[in-house]
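There are 2 protein chains.
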Amino acid sequence: MRNIKIIAEYDGTNYHGWQRQKGLLTLQQLLEESIGQITGENVTVIGAGRTDARVHAHNQSAHFKINSLIGTRNLLLGINSLLPTDVVVKELKEMDEVFHARFDVKSKVYMYQIHNAPVRSALYRDYAWHVRAPLDLEKMNKCFSVLKGTHDFSSFCGKKGSDVSCVRTIKDVCIEKTCPELMRIFIEADGFLRYMARTIVGTMVEVGMGRRMPKDLSDILAARDRGRAGITAPPHGLFLIEVKY
Amino acid sequence: MRNIKIIAEYDGTNYHGWQRQKGLLTLQQLLEESIGQITGENVTVIGAGRTDARVHAHNQSAHFKINSLIGTRNLLLGINSLLPTDVVVKELKEMDEVFHARFDVKSKVYMYQIHNAPVRSALYRDYAWHVRAPLDLEKMNKCFSVLKGTHDFSSFCGKKGSDVSCVRTIKDVCIEKTCPELMRIFIEADGFLRYMARTIVGTMVEVGMGRRMPKDLSDILAARDRGRAGITAPPHGLFLIEVKY
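Line by line, the protein sequences are chains A and B.
The first sequence begins at 18 in the working numbering and counts up by one.
The second sequence begins at 18 in the working numbering and counts up by one.
Treat the hints loosely; a few may be bogus.
As the list makes no split between identical chains, a pair holds if one copy fits it or if it spans any two.
With a Cα cut of at most 20 angstroms, we get these calculated SDA-like pairs of lysine to any residue [said to hold, decoys possible]:
1. K39 with K232
2. K194 with I258
3. K39 with I24
4. K107 with H147
5. K176 with G208
6. K188 with R71
7. K194 with M128
8. K82 with P252
9. K82 with G95
10. K188 with G244
11. K165 with K188
12. K107 with A150
13. K107 with P151
14. K107 with P135
15. K39 with I63
16. K82 with M18
17. K82 with D233
18. K194 with E58
Since the hints were made in silico from the structure, they are not lab data.
Work out the full structure, taking the sequences as your base and the hints as a guide.
In structure tokens:
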């Protein structure tokens with residue numbers, strides 16, 4: 018069978034996340050149905066990871082297997098003609114049969130957008146977390162050195178199986194301020210636990226507000242207790258930027 | 018009467034532009050109704066200029082007059098509580114009685130966003146013009162020197178009264194490339210004719226595609242004939258960024 022890698026972009030606002038769920042519109046289902054309609058085959062699309070409801074993706078990766086001999090260019094055009102305007106397949110690539118979109122991930126980059134201003138935004142309403150209190154960028158920057166590296170991130174994990182390792186490696190974290198009111202936090206890691214990116218952001222925002230100190234993060238990590246970390250930032254500020262293989 | 022300046026942000030996707038139109042939802046009407054509901058007065062909101070249907074604004078300016086003694090902070094909170102999430106008043110400011118949001122404009126800054134990639138974008142679908150053909154940034158940059166300064170912009174004006182002057186001064190034009198696929202054209206002028214920003218962008222895109230030469234712009238300007246310029250870029254890529262007084 019042919020093994021095809023997908024790179025997809027989506028606005029998660031109107032979807033119940035990536036993973037198929039009975040009776041709810043999800044991105045996996047939408048892609049599977051579109052590919053199925055073009056190829057006439059029953060396909061399963063395996064994503065690099067699940068994104069939650071309302072989370073966006075600039076470049077989500079996935080793979081699927083088909084027998085159809087249709088060329089990737091025509092397949093891409095066909096799928097995109099069926100997809101609604103808030104989802105698009107940017108690339109299809111023929112892979113060797115062992116490529117697996119989830120198992121082969123080297124790292125993923127997420128970006129979290131914060132709109133930091135006294136009044137809410139109309140243009141970023143679905144794409145950024147509105148934080149009213151002024152955030153101290155310098156304090157937030159000091160969190161990076163604690164977060165970077167290999168740690169047990171249990172304190173930043175929403176729901177976990179008790180026997181699963183929560184050790185992950187954060188390769189890079191940085192904050193970009195594109196304009197005075199917009200802050201973008203980039204996190205690259207070899208893997209993300211459930212809600213990990215959003216809990217890190219929620220905790221960093223509490224640091225930025227002065228409710229916690231940057232050095233508190235060491236204690237939070239060491240505690241391995243979700244109750245110790247900050248709030249889970251809302252989903253609509255989160256973007257899956259890149260999946261590296 | 019009190020004279021109050023408004024700065025408003027809106028996502029123009031769901032509106033028939035700024036100006037009141039019978040039977041169509043517009044931003045002027047929405048603001049007038051919200052202010053009217055809070056103050057109990059019949060208000061007219063005078064915008065710095067009209068934005069077309071689907072055009073967005075980060076900072077549209079306007080003014081209105083009221084007798085009500087309500088404080089600007091409470092008025093702002095009240096208006097925003099009535100507005101839908103795609104419109105927001107960012108600032109209200111007490112002005113002296115002679116301030117006029119349209120007549121007193123010194124200059125306006127528009128930004129036009131182009132998504133330049135072979136495949137359409139899901140995330141920019143309502144916020145950028147999708148141009149498939151690769152654009153030559155260097156050629157587009159060469160248009161600036163011709164456009165800057167005081168000219169008769171008749172060739173870039175959609176509909177005009179025959180007796181109205183089409184002389185305007187472009188104070189600045191520049192292109193910013195935030196990422197390989199996204200191009201932002203900024204234009205600052207003392208005034209914009211109907212469709213002027215969008216026709217300049219449409220013509221510059223034709224230059225970027227190699228269909229016209231940057232130096233052709235001099236002839237187009239001199240002709241004072243709308244038929245000579247390029248296409249009118251679609252509205253949804255256009256953002257009113259700032260109104261200067």
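Verification of the supplied hints:
| no. | hint | result |
| --- | --- | --- |
| 1 | K39 with K232 | neither (43 angstroms within a copy, 59 angstroms between copies) |
| 2 | K194 with I258 | both (17 angstroms within a copy, 18 angstroms between copies) |
| 3 | K39 with I24 | neither (24 angstroms within a copy, 45 angstroms between copies) |
| 4 | K107 with H147 | between (30 angstroms within a copy, 13 angstroms between copies) |
| 5 | K176 with G208 | within (15 angstroms within a copy, 56 angstroms between copies) |
| 6 | K188 with R71 | neither (25 angstroms within a copy, 41 angstroms between copies) |
| 7 | K194 with M128 | both (12 angstroms within a copy, 19 angstroms between copies) |
| 8 | K82 with P252 | neither (30 angstroms within a copy, 40 angstroms between copies) |
| 9 | K82 with G95 | within (17 angstroms within a copy, 55 angstroms between copies) |
| 10 | K188 with G244 | neither (25 angstroms within a copy, 55 angstroms between copies) |
| 11 | K165 with K188 | within (6 angstroms within a copy, 46 angstroms between copies) |
| 12 | K107 with A150 | between (38 angstroms within a copy, 16 angstroms between copies) |
| 13 | K107 with P151 | between (37 angstroms within a copy, 16 angstroms between copies) |
| 14 | K107 with P135 | between (37 angstroms within a copy, 9 angstroms between copies) |
| 15 | K39 with I63 | within (17 angstroms within a copy, 50 angstroms between copies) |
| 16 | K82 with M18 | within (6 angstroms within a copy, 71 angstroms between copies) |
| 17 | K82 with D233 | neither (47 angstroms within a copy, 51 angstroms between copies) |
| 18 | K194 with E58 | neither (46 angstroms within a copy, 41 angstroms between copies) |
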